[in-house]
Every structure is written in C-alpha cells, then in structure tokens.
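Heads up: the sequence lines are chains A and B, in that order. Take the position in the first sequence, starting the count at 1, then add 1043; the result is the number in the numbering used here. Take the position in the second sequence, starting the count at 1, then add 252; the result is the number in the numbering used here.
It is worth saying that the hints were derived from the structure and are not from the lab. Even for Gly, the Cβ is constructed at its ideal location relative to N, Cα and C. Hints may be right or wrong, so weigh each one.
Stated by the list, open to error - Computed cross-link-like contacts, DSS-like style, restricted to lysine-lysine with a CA-CA straight-line distance of at most 25 Å:
1) B:K348 <-> B:K282
2) B:K426 <-> B:K412
3) B:K494 <-> A:K1063
4) B:K426 <-> B:K644
5) B:K494 <-> B:K644
6) B:K324 <-> A:K1203
Unchecked claim - Chain A is nowhere near these chain B residues, computed Cβ spacing over 12 Å in every case:
7) K271
8) I279
9) V290
10) N539
11) N883
12) G926
13) F957
Claimed, not checked - Restraint-style ranges between C-beta atoms, simulated for each label pair:
14) A:N1105 <-> B:R277: 26 to 36 Å
15) A:T1059 <-> B:P871: 53 to 63 Å
16) A:P1133 <-> B:S376: 36 to 46 Å
17) A:P1064 <-> B:R277: 19 to 29 Å
18) B:R277 <-> A:A1206: 23 to 33 Å
19) A:E1168 <-> B:P664: 52 to 62 Å
20) A:R1072 <-> B:Y862: 42 to 52 Å
21) B:R277 <-> A:R1107: 21 to 31 Å
22) A:N1105 <-> B:R584: 30 to 40 Å
23) B:A425 <-> A:E1179: 51 to 61 Å
24) B:P871 <-> A:P1133: 50 to 60 Å
25) A:P1133 <-> B:A699: 30 to 40 Å
26) B:R277 <-> A:R1072: 54 to 64 Å
27) B:R277 <-> A:E1179: 51 to 61 Å
Each chain, letter by letter, is given below.
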Amino acid sequence: MASHEFRTDRVEVAFTVNGKPVGLAVDPRATLLDTLRDELGLTGTKKGCDHGQCGACTVHVNGRRVNSCLSFAATHEGAAIDTIEGLGTPDNLHPMQRAFVELDGYQCGYCTPGQIMSAVALLAEPCGESDAEVAECMSGNVCRCGAYQNIVAAIQSVRKENAT
Amino acid sequence: MATTTDDLPARHSLGKSMKRKEDPRFIRGKGRYLDDIVLPHMLYLALVHSPYPHARIKSIDKSKALALPGVKAVITGEDLDAAKLEWLPTFHGYDKQMVLAFGKALYQYQEVAGVVATSREIASDGAELVEVEYEPLDPLVTPFQAREDKIILRDDRESKTNHIYHWEVGDKAKAEGELDGSAVRIKERILSPRCHPAPLEPCGVLADMNKATGRLTVYMTSQAPHVHRTAFSLVTGIPEDKIHVISPDVGGGFGNKVPVYPGYVVATVASVIIGVPVKWVESRTENLTTTGFARDYHMDVEIGATKEGKVTALKVSTVADHGAFDAAADPRKYPAGMFGIVTGSYDFPTAFAEVDAYFTNKAPGGIAYRCSFRVTEASFAIERGMDILARKLDMDPVELRRRNFIKKEQFPYPSPLGFVYDSGDYEATTQKALDIIGYDELRKEQAEKRKSGELMGIGVSTFTEIVGAGPGKHFDILGIKMFDSAEIRIHPTGSGIVRAGTRHQGQGHETTWAQIVAEELGLDPQELLVEEGDTDTAPYGLGTYASRSTPVAGGALALAARRIREKGKKIAAHLLEASENDVEWKDYKFNLKGVPGKSVTMKEVAFAAYTNPPPDSEPGLEATYYYDPPNLTFPNGSYIAVVDVDRETGAVIVRRFLAVDDCGVVINPMIVEGQIHGGLTEGFAMAFMQEIAFDESGNNLNTNFTEYLVPTALETPHWETANTVTPSPHHPIGAKGVGESPNVGSPQAFVNAVMDALAPLGITHIDMPLTREKVWRAIRDAEAKVS
Ligand code: FES
Ligand code: FES
C-alpha cells in the first residue's frame, strides 16, 4: 500500500465499489485510479497514460464509463463505482468477457479491463449499429497491440445477442 | 494454387486455434503486471529531467528536496560516479551510456537526478524541489548538422567526432559501375522517421535488495530477463547467482522493453543502498521522450534496371541518427542490424549498402520496433524504390516485381549482401493476393476514376523479412550467442511444465509453446503449463524480440520434446517387452512395428518413467535443449492497399487492405491472425500518424498521446488476411515467425498506394507519416506547378 504518512490534509469519502461500501480518507489530489489500485488493491484497472488519453483506466461511475485517472476519488461521495473485478466470475463471466475470449479481443491484456468496461457501458448508450459507429464509440480506448477488429466484433456479437 | 494452412495434414495440436491460456486472468483484470506488484515498505522513485536538449550542468542542489518529509534519498550523476555506477555498457558494447546526466545533459528530458520517497506523490513533489542550474548549449538536432563536427557532443569519448561508425556490405565499385551503365536508373532520399513503440504498459522496475540474504530481486518489464540479469551483474558487480530477475505479465513490448534504462539502474542502486524495495514506473511522457525510440534512417536509394524492367544493381547509403548514445539494440557484429536484407524479394545481380551513424542531442535508442534489427527500414527502402522504378519504367508495379522475384527454385538463395534465404514462393503468394483483391478490376476502376480527376491508389508490398537471430556464430548480445532454450518436465500423470528462455508480451506463448510440445509428444496442450520470465527457474535464453521466439525458442521446444521422446521410446520398449528397434513413434504414440493395436501412449510412458522405469535406467522424464539455429528464417508476404485521397483536404481513406503472409508452418491460426492485425495497425500508424519530431532547438514535439498520435478503433482500417505455407526447411517444425511481418511489410503498401493515387499530379514521394496536412500541401504544390 502506498504510504501517506505525511499527509495531514486528507478528506473522508464513502462510496461503493463493486457493490461493497467503502469508507476512506484520501489525499484530495488522489485520483480514483490510484485510489482503486493503491488503497483498495484493485489492480485490474490499468494506467497507460494518466492523462485521459488511453482509456486503460476505464471504470463505471453510476453506470457510466469514466477515465478514472482524470477523476478525483474525493469527488465520488455516495457514488456506485464498478471495476473489472466486479464484472464476472470464472463460472459466470459477463457476456462481454465471454465474447472477448471467443473473438480474441486482446493480446497482451493490458488494455483489456478498460476495453471491457468501456464496451459494457457502451451497451447502454445510444451508439449506432454499424461497426464504424461502434469503433467510434470505442475510440477512447487505445490498444497498442492493435486488437481493434476483434474488439469491435466482440461488442457486436454481444449486441446481437442482446437484441434477440 | 499455393498451399494454405488448411491443406496440411491433420495434426494433433499444431495448426489449431486453441484459446489462450491467459484468457481467464486477462479478461478479469487478474493479470499481474509490474505496477500491480506491491511489496511491504516499498519506496517510489521519481526522476528529474533536463528541460534542455544540450546544457552544461553547473550545480544540483538537493537540500530542498531532502527537507521534504517522506523523501529518503536524492541521487545524482555525481553520486553514481563516486560509486562507479555512472556508466552503463550498451548492448553491442561499442559505447557506454550515462545513467544520470553528468557534466552535461545531452538531450531534452534526459534523467538528471532521482528522488526516492515513501509515496509516488511525495517522490514527484521532491523531484520538483531539486534545483538544477544549467548553462544551455547549442544543440545538434539532425545527423546532417552532427556530420559537420562543428559542435562535439561527447567530451567523454576519445575520438572528437560525432561520427559513430561506418558500416558497409556488398561490392561498392561494382554496384556503382552497374548503376552507371544501367538503361534506367532511379534515386530517391527516403526517410524512415523516428517513432516510438509506446506499449500501453510503460516500462518499470521494482528492485528489492534483501540485505539478510544478499540477494537482489528485480521485477521488471523485460523482454529479455536473462540478458538483463547478466547486464545487472556486470554493471553492479553483484554475482549473477545473487540476482533474480522476474518479468511478470508484460503489457506489450515491441522492442521498447529490451534495453536497460536509467530508471532501472537508479531504483536498483537506491534499493541496494537503502535496503528496502524501490519502484519506478515511467510516465507516458517519460516513455515517449527517454526510452528506446526506433528508426531515424535517412536512406538514399538507387536502383538500376534494363528497359525491360530487369534490375541490375542496388545501392543504399544511409545516414542514421542514433541520439546521444549509441544504445541501438543491435547484435555486436551487426551495428546496422540486418539492413543487408535491403535487396528484398528481388534477384539483384549486385548490391551495396552502407550506414553512417551520428550522435545528436536526442534520446538514445534505435531499437527494433516490432521488427528484426533495422528490417523495417530496409524493407521500406526497397519496396518504395521498386515502386518509383516502376513509375519511371511506366510499368505496373506488380509486373516489375514479378520480373525480378527470386524464383521458388532458387532457394536456398544466397543474396548479394550475404544472407541465405531459406524458402519462399513469392509468385504464388502474390498471385493469391491479386486474386483475392481483384487487382485487374481495381486497376480498371482506377483508370475510370482518373478520367474524372479522382485520386484512387493501389499500393503493393511484396516483402521478405529476416528474423530469428542466431545463429550464434554471427549474432550475439554482450558477447552471449543468440541461442534460445527450453526445458520440459513431464509429470507422472502425463501433464507437465514447459519453460523457455523467451518472455511473451502478448504473443501468446503460454498457449503456442504448449501446442508445439503437445504436437511432439501427443499430450494434451491444456495440461502443459508454460512458464517464462523468471530467471531462477527458466533456462537461459536471449528473450523475445526481433521475431525470434518461434524461430529459436520454438526450435528448442520441439527438440527438447524429441529428447523426451527418445527416452520415452526406451520406456515404451520396456512396457511392450520389445527391443527399442521394434518400437516406432507414429500417430502420436509408440507402436510395436508390425503389430497393429499394440501401442503405448506418452501418458502411459510418463507414468512408467516414475513407477516402472526400465531396469538400470534413470527414472523421471524431462529434457532441456539449447538451440542455436543453423540459419535465420525469412517470412514473407504480399500486401495490397487500396486508398482514396481527397483532393481538397488531403485525407486518405484506406478502402481495403489485404495481407497474404507466408510465415511457414502456423502453430495457432487465431493467435497468428491477432499478431497480423496488430502489426498492420502499427504499420498503418507509422505510415499515417506516428512520429517523434523535434523543433529547430531540439525540443521534442510529441511527448504524450495527444501529440504522438496512435491509432484507435476509429482510424484503424478493416484488415483482410490470408496465407500461404512454405515451411522453413531448417526449422524443426518448419515455422518462420510472424509477429513482425505485418509491421515490416505494411507501411510501404500504404505509402505506395497514396503515391499511386497522387501519380497523375507528378508526386513521386512524401516521407512518412502521411498526415492529412502533408498530403494536402503536396497536392496544392503540385497543382500550383501545373497551373
Ligand atoms: S490512464 Fe486514464 S486514460 Fe490513460
Ligand atoms: S491487448 Fe495489448 S494493449 Fe490491447
């Protein structure tokens, strides 16, 4: 755990993470990303740029996707935060996780939690039907391994499933 | 018709799209990457960077930083020098590199000091409090300025010149003579611009010196953990047995995670001194500005030919920008890597290539970004050159290539620049590509469009790569021959553990290595655990880069498995109560010759190896193989891009892209397909987006992902893929490697397509990246000339 022994100006914040209530005293500058990773040990959410330019840190706040590196933990009082760790279990994967496996939506796996969280949020958004529209809706999530074609295919397969 | 994967005989485990073994952890956020590792009481390192590209360091004041509560140490170049740790050897051993700027800062963002503190935040706050007084000096921004030697960059070197080396291969006089005598001749300056691999996971280290045991454990984002262990031992003097390097899950490498960086050394030194773990993870800006850049080759390409389009000679003279230190990750005897592959897929009677490298005030690197050493540069040069020649001859670029292809019967083919190509069927691979894309139709469509002034282009690239270094007699790093290794242990119940000297970063070795071994032994690949990246357990290997894993470690795996089979045969004979000569391995089991139905499986043999071994034999079932390949492998492909260029805006739409690859025998088609998508995406990025550029004062202009543009799902074209299979004759399973072909082969297909579209305007060449602005300017200038 990161030590903040010399910080006195901590602020209290309470929210839920993956359905479980969490109360913390955080550095007011601490991002949601660092808080999840360093304070709560939820390292599934990744850091690729720390500047809102890659999407590796995507989580859900009240059901909407956000770049957790651009968001201060202290501002989320009362919020429902969901991370990749809360999405599915080995025996009961989220359909999006299953689709990523089925359609090989990753290589090194580093962008994958962010891609999956982004893709799950997208299901509830007014995103157009075509591959190109899905690609546009996913353009905040960089994959340096270049797995985009399969990522889009995975999302489309889940959307099709949901539509039937 | 060319052979494809589907035509091969049914196999046990090879050629199957087995799902990745990493799936369960990666899709649930359970991967364990460097920054996910937390050790008790660990400290964090932040680095101070030079704002100037070239400056004398007059003083460094640590006092304010040290006064900040939580700061444990501030380390400078002077401190490291006192401990004799200021200089790092570079991989090929011809230069050395400063760990922290010492005396002078030689590039913008160079590491000047390190601050170690109890949290990330305090370390960065501390770094801001380190006061450095600089005296700015004039910078050398291009190798052409450096060449003049008016400013000498490196006072630490004996030779007072910025020239690092001259390297050449081939017969210069003959090539020049042939060029002079050629009926047709082209010459073009072609730049392979500086770019950066920028894997999504930045580089990092967590060094943990245990003072009680005297053992140093170094977790690091490493593509070559064993080489790094040796390098750490050589630099620090700590005996190699006291160093344990662990490369956990690696979030992409692409060559970026091959070198040793200053942050690794400073964190390690801090841990050794303080005796607690110290972590350093670079920011995206640090990644783009200080760690391993790629390319930066300015190539003068000359080709001579007959009027009928038969090539007669090739000459390529290159000026290379190596930055402030010669830290290029090339093998010792090959300072310009495999640049000699520049004759490509064509039968040149004579050729000559030379490279002159210079120091400049830029970050060091020159790493092999998703390619074998300098092959992307070479391949781009020849494939662009052939297109320019075709235009001059007024010949279809495919026709010109076909007239000059090395023919199937010519393999093994000795190239004029010293390589022996293993195998290939360029004609068949190209024909397949033409058929799938409908080349003739596209040319007709283009002719129609040109009539109305529309800019449509078709670009081809029929490239040959060279990968899989060794052989050890030619290639080494730090003097260590470029072999690789495998160790297999089969357990009593027929499952097993497979270890290799490689370290995957998304290539899927956990799955494909199991498939290779399973194929050789008739075992279930799901029951073979693959482990890499831990130097305490894995056999020594040179690592994963330059597409060497399958050509080298893949060979080691197959041959280690065959050693298991040899021993297994003795056990099988014992079980079958027969002589060993009467037992043969067929249909993935041991059979008694001539007695149908009498056989034992490897699983039964494994059990017997522990419970009922032949009398007087050694129990157990394991084997190790260190494989030094007899030759490199030469994957190849025929790629076709179709683009439409908007005359008004310069925007390029990639309408279609087809990659037909021949990487020899395919281990896992799904993983190969993913690798090809990835390489094409990076090739597309190089062609249209990615560049690390500098202004006239030497300031880096591309320091984050809003300035260094990487493709997202939105820009990335749709990829069409197909393959042909020409097995490598010398590789144990006939595989050649694939991860980098699409990155090596595709940039020129895009650029050729855009130049083809712009041909009616008389535009011959534009340097990458072909941004909308550059294309628009070229169109505007060309139109101005016409009107
Ligand atoms: S880490 Fe948050 S967007 Fe890159
Ligand atoms: S899988 Fe490696 S960055 Fe996307």
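Problem set entry | Which numbered hints fail | Going through the list in order, the structure violates hints 1, 2, 3, 5, 6, 7, 8, 9, 10, 12, 13, 20, 22, 24, 25, 26, 27 and respects the others.
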